[in-house]
Amino acid sequence: MQILKSCLIVLVFSLHFPLFSEERSDFDHVRKAVVQIKVYSQAFSAFTPWATDGVRASSGTGFLIGNKRILTNAHVISNAKYVQVQRYNQTEWYRVKILHVAHDCDLAVLEAEDPEFYKDSTDLSLGEIPELNSSLIVVGYPIGGNKVSVTRGIVSRKEQSKYEHSSVDSHLVLQVDAAINPGNSGGPAIQNNKVVGVAFQVATKGENIGYLIPTKVIRHFLKDIEDGKYDGYVELGIGTFNSFNTSLRKAKGIPEGLEGVFVTRILPNGSADGYLKEGDYLTEIDGLTIGRNGTITLDKDARVDFTETVDDKYSGEPIRFKVFRNGKLIDVEFKAKRMPDFDFMRNRYDNPFDYSMIGGLLFQEMTRDLLGAWSRSGSTSGGSQFLYRYDYFIEDGIGRTKKADVVLYRKLAHPVNSSSDYFLNLVLESVNGEPINSLADLKRIISESKSKFLKLKFLNIDLPLILDREETQKADSQIRSTYGLE
Numbered sequence: 001m002q003i004l005k006s007c008l009i010v011l012v013f014s015l016h017f018p019l020f021s022e023e024r025s026d027f028d029h030v031r032k033a034v035v036q037i038k039v040y041s042q043a044f045s046a047f048t049p050w051a052t053d054g055v056r057a058s059s060g061t062g063f064l065i066g067n068k069r070i071l072t073n074a075h076v077i078s079n080a081k082y083v084q085v086q087r088y089n090q091t092e093w094y095r096v097k098i099l100h101v102a103h104d105c106d107l108a109v110l111e112a113e114d115p116e117f118y119k120d121s122t123d124l125s126l127g128e129i130p131e132l133n134s135s136l137i138v139v140g141y142p143i144g145g146n147k148v149s150v151t152r153g154i155v156s157r158k159e160q161s162k163y164e165h166s167s168v169d170s171h172l173v174l175q176v177d178a179a180i181n182p183g184n185s186g187g188p189a190i191q192n193n194k195v196v197g198v199a200f201q202v203a204t205k206g207e208n209i210g211y212l213i214p215t216k217v218i219r220h221f222l223k224d225i226e227d228g229k230y231d232g233y234v235e236l237g238i239g240t241f242n243s244f245n246t247s248l249r250k251a252k253g254i255p256e257g258l259e260g261v262f263v264t265r266i267l268p269n270g271s272a273d274g275y276l277k278e279g280d281y282l283t284e285i286d287g288l289t290i291g292r293n294g295t296i297t298l299d300k301d302a303r304v305d306f307t308e309t310v311d312d313k314y315s316g317e318p319i320r321f322k323v324f325r326n327g328k329l330i331d332v333e334f335k336a337k338r339m340p341d342f343d344f345m346r347n348r349y350d351n352p353f354d355y356s357m358i359g360g361l362l363f364q365e366m367t368r369d370l371l372g373a374w375s376r377s378g379s380t381s382g383g384s385q386f387l388y389r390y391d392y393f394i395e396d397g398i399g400r401t402k403k404a405d406v407v408l409y410r411k412l413a414h415p416v417n418s419s420s421d422y423f424l425n426l427v428l429e430s431v432n433g434e435p436i437n438s439l440a441d442l443k444r445i446i447s448e449s450k451s452k453f454l455k456l457k458f459l460n461i462d463l464p465l466i467l468d469r470e471e472t473q474k475a476d477s478q479i480r481s482t483y484g485l486e
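59 is the number that the UniProt record's numbering gives to position 59 of the sequence shown; each next residue is one higher, with no gaps.
Hints listed in this document are in silico derivations from the structure and should not be mistaken for laboratory results. It should be emphasised that the depicted structure is a prediction, and the values quoted were computed from it without experimental measurement. Take the hints with a grain of salt, since some may be wrong.
[Claimed, not checked] Here are the simulated BS3-like cross-link-like pairs (lysine-lysine), alpha carbons at most 25 Å apart as the crow flies:
{"hint": "1", "residue 1": "K223", "residue 2": "K97"}
{"hint": "2", "residue 1": "K335", "residue 2": "K313"}
{"hint": "3", "residue 1": "K38", "residue 2": "K97"}
All chains, full assembly: derive it from the sequences and hints.
Shown next as structure tokens:
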């Protein structure tokens with residue numbers, strides 16, 4: 001599997017190629033729009049939620065897109081405490097405010113607080129998706145430098161790929177062969193004097209494989225924030241299987257020559273829930289033929305997964321399928337909608353992790369960040385339930401009745417919890433008979449309880465963990481002092 005990572009792009013000026021076929025003034029226009037970004041950030045710790053990591057200094061690139069807006073990557077300014085910007089030939093750094101952040105597509109919009117920053121600036125306009133084998137330049141700032149630098153590359157592929165910033169979401173990307181190294185994320189890719197992409201990640205295997213966020217994704221983000229807030233992408237919420245197997249097609253009665261894919265699962269609360277069915281054969285989406293490998297024609301250069309059509313939509317817009325079901329072709333239409341159930345599976349930024357402690361036992365709602373921190377801790381014994389519930393919380397429909405799974409993921413050793421190891425890495429089902437459907441439920445029950453004992457029942461475990469309520473309260477005060485909890 002090819003591993004991707006968000007990147008800071010080092011851009012080296014090439015003496016062998018002209019920047020543009022037009023006048024040198026064209027590049028002067030671009031240079032006045034490109035912005036160097038300096039960030040001081042502090043990440044929150046999922047495994048130790050009362051603490052934060054040290055302050056980290058980093059840099060990135062952005063560019064002006066009109067109305068005093070600076071476009072950059074979300075990962076450039078994530079967990080930021082202080083952000084400054086500077087343009088070509090400026091000597092002063094200007095503070096900015098973060099207007100909008102889209103972690104699911106790795107884009108953000110900033111605005112400088114001082115109007116002086118925009119003096120003698122220019123704005124860049126968005127172009128269309130470039131053709132394969134066409135050349136472009138990527139503009140930005142190398143680490144530690146204050147000079148605009150440029151590199152030239154060729155568009156080598158168009159495809160859907162995972163955006164590493166969230167580690168879940170997949171959108172359209174452009175693959176280029178420009179040399180990409182740690183340096184400047186957020187730099188614009190320019191073709192015919194227009195922005196055709198934003199540099200954002202590289203492949204760790206292979207040489208000179210870099211990726212751009214295309215203008216199709218940028219425009220979707222910018223339209224989403226027109227009402228002053230970012231809503232996020234909608235989700236179709238299905239699983240599919242290709243139809244290459246001729247015997248399978250015959251067994252399902254699929255007419256010869258009818259292209260399409262089989263629906264293998266319907267995720268609860270997704271857009272398709274209640275409209276599509278397992279076993280459906282999807283042949284068209286919004287009038288576009290779905291191939292046997294699940295792709296549609298993007299343009300003359302590329303085929304992409306048919307869900308790319310859904311990516312273009314906003315909540316409430318129609319999704320139209322032509323479906324072969326029960327021996328007949330039928331039309332199925334439903335509205336696109338967001339799927340908040342997916343949120344816990346995305347990497348989290350900018351906010352601390354909430355937790356609850358009972359007698360030194362630490363509980364959190366299950367998230368991707370907690371799973372990653374837990375796996376790195378080395379204390380994963382008995383964690384198969386943890387892993388299963390993370391993978392199947394949505395698919396099994398658990399989210400219909402529960403906001404989140406609450407996990408006992410760690411303990412701070414104290415005599416009051418000496419016999420609790422057996423229950424580590426399990427999902428908490430109830431306390432004193434009351435179901436736990438979120439961390440808020442657990443906090444409320446503990447704070448309101450007058451019982452002598454706390455009976456903690458864990459999923460699929462008959463024997464509960466019994467704690468003396470008053471002893472745990474006394475122990476928590478000692479534990480907070482001993483372990484330096486704030």
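task: Could you tell me which of the numbered hints above are not met by this structure, giving the numbers in increasing order?
output: none
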